[in-house]
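K.L.:
Here is what each chain is made of, one letter per residue.
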Amino acid sequence: GDSVTQTEGLVTLTEGLPVMLNCTYQTAYSTFLFWYVQHLNEAPKLLLKSSTDNKRTEHQGFHATLHKSSSSFHLQKSSAQLSDSALYYCALFMNNNAGAKLTFGGGTRLTVRP
Amino acid sequence: DTTVKQNPRYKLARVGKPVNLICSQTMNHDTMYWYQKKPNQAPKLLLFYYDKILNREADTFEKFQSSRPNNSFCSLYIGSAGLEYSAMYLCASSANTGQLYFGEGSKLTVL
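Which chain is which? The protein sequence lines are A and B, in order.
Taken in order, the first sequence gives residues 1 to 114; the numbers are from the working numbering.
Taken in order, the second sequence gives residues 1001 to 1111; the numbers are from the working numbering.
For reference, chain A alone in the conformation it holds in the complex (with noise of 0.2 Å):
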């Protein structure tokens, strides 16, 4: 079946250092990647998204790179800021026949320290 994996559970930054947060996942159909990021006390938000294979996508200074060769859409950030403290979830989209189903991986709490 689908599934997300995201290998860090926990990951502490000062600021001002690059954010790399890991997202792979499996699907046999097509593929639609998002990263969500909850604050504290928030509804989970999307951040970004992507289909497109080897394609950079941009949002709120986060960017990723959805690459189906090795099934992965890391998520990165040249520079940690203290508001970037949050959860990160990334997550599989799948539409079928029977509706549109998000499958998320185990989430990444990320804090960032002055």
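These aren't lab readings, by the way, just hints derived from the structure by calculation.
Every residue, glycine too, gets a C-beta built ideally from N, C-alpha and C.
Residues on chain A that point at chain B, a partial pick, calculated with CB under 7 Å:
#1 Phe32
#2 Phe34
#3 Leu46
#4 Phe93
#5 Leu102
#6 Phe104
#7 Gly105
#8 Gly107
For chain A, the structure is supplied; the task is to place chain B on it using the hints.
P.N.:
Only chain B this time, still in chain A's reference frame:
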């Protein structure tokens, strides 16, 4: 308005008692979802409505029920709560694009 509203935000229930959680959206989205979120775990899809069609995940099929009386509302019903049901329940809606709009969640504590 891209808000998904959930009620109640906090629910305390006794073991064996029923629980009903409500979700609403005004974006005319055709799909509404219910996820269960426990600490340090990924959100787990319980069920979703695509228009009037209910899809329940195989491993939670018998534990949760739902109704969608109209496009805007969707409920999650637990007939007899057990301790293992304690979790955050997230409702979301989507226009079938993969972009889900989440509510702030309903935190259920079963004692």
